[in-house]
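Chains as they are written, first to last, in the working numbering: chain A, 382 to 502; chain B, 111 to 388.
One should not assume that every hint holds.
A partial selection of chain A residues facing chain B, derived with a Cβ cut-off under 8 Å [unchecked claim]:
{"hint": "1", "residue": "Gly432"}
{"hint": "2", "residue": "Ala433"}
{"hint": "3", "residue": "Gly438"}
{"hint": "4", "residue": "Arg466"}
Hints listed in this document are in silico derivations from the structure and should not be mistaken for laboratory results.
Heads up, the beta-carbon is just placed ideally off N, CA and C, and yes, glycines get one too.
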Amino acid sequence: MPKKHIPAPIDLLPLSPTLFHLLLALAEGERHGYALKREVARRTNGAINPGAGILYGSINRMLEQGLIEESEERPDAHLDDERRRYYGITPFGRLVAQAEAVRMRELVRIADDAFGLPERA
Amino acid sequence: MKLYRWLLNLYPARFREEYGGPLEQQFLDDYREAHTTGARFKLWLSAVRDLAWSIPLELAHELRQDLAHSLRVHARRPFVTTFTIAILALAIGGITGVFSVVNAVLIKSLPFRNPEQLVVLSNSGGRMTESSAEFHNWRKGSPYLDDAAAFMVAEMNVSGASAPTRVAVAETSFNFFSALGSEPLIGRAFAPSEDVPGNDGVAVISYSLWQQLFAGDPRVLGSKLLLNGAPMTVIGVARPGLNYPAKASVWTPTAFDFARLPKSGVFFGRLSGAGRAD
C-alpha cells in the first residue's frame, strides 16, 4: 500500500473565498449542506451564496483534501432529518484556514504599507 | 422537480451517486421557500446558472482524478505499461492497415456507374481483333454483355503547352467512357467514327493533367497535344479521380490503329442480365 502524500497547509493556499467561508462556518460546529450555505450567505450579506452544485462540489473537494469530514453523530431525533449529511472541520482543516487567514493578514499589512488603509471601506 | 432531477444526470456518475440526494433536497428546500412565480423564476435561473458552472467543473475534476489514478497505476508497473503500449501500437497499426485496404477495395465505391457490373476480359496476347467494326459487331452480339470496350495502356511522351512529360496513355475503343459510365467533366467523349484509323487524332485528358498542363483553363478544348510526336486534339477532360486503367492521364480512341503502336489488348465489359445470372 503506497503512502498517501499529505500536503502541508500552505500547499493548499490560496483558498477560494467560498471554500474559506465554508471552513469558517464549520469552525463553529457541524452543519449540514443547506445550513452551511445559508450561514455563508448570512455572514457575507449574500455576496457569497453558492448554488447547490458549487456547494457540494466544494464539500466534495474539502472531503478529498481532508479539510472536513462527515460526522457520524446526529442531532436529536426531533431536530434531525435522516436524509441530511452533517460535516465538521478536521484539525488539518483548521490549520489550512488559519494559514489562509495569516496569508490574508500579510496581504493586508502589505496593502496598508502601500496605500494606508482607512478603518472602514 | 423532474426537470431538475433530469439535469442532475449531466453530472459525472460518481458525484451524482454521492450528492444527487442532497442536491435535490436543497433545490426542494429553496423551492418551498419561493412562494411567488417571480421567486420561482429567479430560483430556476440561479439553479441553471449553478448547474452550468458546476457540471463542467465536476467533469474536469473527475477526468483529472482518473488520469492521475491511471498514471499512478502505470508508473508502478513500467514493463507492463510499455508492453501494453507496444501491443496497442501494433494492434492500431494493423487495424488501420486492414481498414485502409477494406476501405479502398470494398467500401469506397469506384467512380463508375454500377461498378459491380464491370468485368475485365483479357485475351491471351497478340492482336485482339482485326478492326474496329469486327470488335463492335462482337460486343453487340454478345448475350452476356450490355456493352464492352477495348483498351491498352502505353507510356508515352506528352508535350504541348509545356515541357514534355511521360504519362500513361490508354488507347481505347470509342465507347470507353460510356461503357465505364463516366462521361467527361467538360467537352465530350469519343464519337463512333473516331476509333477508325485516320480519324482518331483526338484525346480526352485527365483532370490532374488538365490542372498540370493547362492550369484548369476551360479553353483547353481544341488544344493540340503531341503524343510521342503524333498530334492529338483535346476534346474533353475526364472527371476528377478517374485514372482507369493503369493511372492513365490521356485516353485516345486508337485501340484499332495498329500502325500506330504494337498492341496486345484488354477488354472490359458491362454484364447484361444474362451475364450476371450465369
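Do the hints match the structure? See the list:
Taken as an interface hint, A/Gly432 checks out: its beta carbon lies about 3 Å from the nearest beta carbon of chain B, inside 8 Å. For A/Ala433, the interface hint holds, since its Cβ comes within 8 Å of a Cβ in chain B; the closest pair sits about 4 Å apart. The interface hint given for A/Gly438 holds, since its Cβ lies 5 Å from the closest Cβ of chain B, which is under the 8 Å cut-off. At about 6 Å, the closest approach between the beta carbon of A/Arg466 and any beta carbon in chain B falls short of 8 Å, and the interface hint on this residue holds.
Checked against the numbered hints above, the structure breaks none of them.
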